[in-house]
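Undergrad: Listed below are the residues making up each chain.
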Amino acid sequence: GAVVSQHPSWVICKSGTSVKIECRSLDFQATTMFWYRQFPKQSLMLMATSNEGSKATYEQGVEKDKFLINHASLTLSTLTVTSAHPEDSSFYICSAREGTRNTGELFFGEGSRLTVL
Amino acid sequence: AQKITQTQPGMFVQEKEAVTLDCTYDTSDPSYGLFWYKQPSSGEMIFLIYQGSYDQQNATEGRYSLNFQKARKSANLVISASQLGDSAMYFCAMREVYGGFKTIFGAGTRLFVKA
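Read top to bottom, the protein sequences are chains A and B. Under our numbering, the first residue of the first sequence is numbered 1, with each subsequent residue one higher. Under our numbering, the first residue of the second sequence is numbered 118, with each subsequent residue one higher.
There's no promise every hint is true.
[As the list claims (entries may be wrong)] Simulated coverage check for chain B against chain A, where a stretch passes if three residues somewhere in it have a Cβ under 8 Å from a Cβ of chain A:
| hint | region |
| --- | --- |
| 1 | 157-163 |
| 2 | 220-232 |
[Said to hold, decoys possible] With the Cβ distance kept under 10 Å, some of the chain B side facing chain A (calculated, not the full set):
| hint | residue |
| --- | --- |
| 3 | 152 |
| 4 | 177 |
| 5 | 212 |
These aren't lab readings, by the way, just hints derived from the structure by calculation. For glycine and all other residues, C-beta sits at the position ideal for the given N, C-alpha and C.
All chains, full assembly: derive it from the sequences and hints.
TA: This is the structure we're talking about:
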């Protein structure tokens with residue numbers, strides 16, 4: 001199957017700093033990428049849909065100024081958590097849909113665990 | 118709005134036996150896809166099986182089968198011959214075609230396989 005890579009896998013930062021997480025599709029072009037957030041022992045909550053070359057579409061309740069998403073190319077989307085606070089500590093997972101496929105599974109990155117001190 | 122419900126927070130199964138994980142969904146979109154993913158403690162999401170809303174037959178992938186009952190809006194996952202490595206979180210998910218291909222996940226079921 002297709003490969004999606006996330007970086008970094010782990011990040012620890014101080015409160016007030018910004019953290020950038022990258023999501024890359026390695027062997028296919030991803031016109032659409034999705035960013036999820038997962039708290040411990042909970043499900044994946046969709047944060048936003050990222051479309052290449054356009055602004056991301058955020059789910060209700062997700063602060064777009066807090067979670068900046070950029071999808072500048074067909075293989076890269078980035079999530080920047082701005083002015084991070086301890087409550088932003090979570091597992092962030094990206095996924096990608098191959099541009100030509102209308103069905104089939106999403107391909108997930110390995111996830112990025114953010115801890116804000 | 119689409120909705121996915123998994124009512125079993127945790128399930129136990131004896132090794133080598135079969136287990137069914139329940140999933141019901143709700144959508145007004147006539148075209149949708151249903152998925153099951155496995156998430157081990159490492160956190161990665163592993164795709165298991167897919168069922169399209171227009172598929173006539175239940176999907177199967179090795180030891181995994183999806184019991185798709187469209188009228189009841191259920192998409193239960195059946196794991197046959199459980200193995201110790203099957204212990205993990207299992208998520209049911211749904212994607213609406215007309216909903217921008219967003220995939221929404223259920224709350225998950227933690228499966229414990231006993232030796």
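Undergrad: Name the hints, by number, that the structure is in violation of.
TA: Those not satisfied come down to hint 4.
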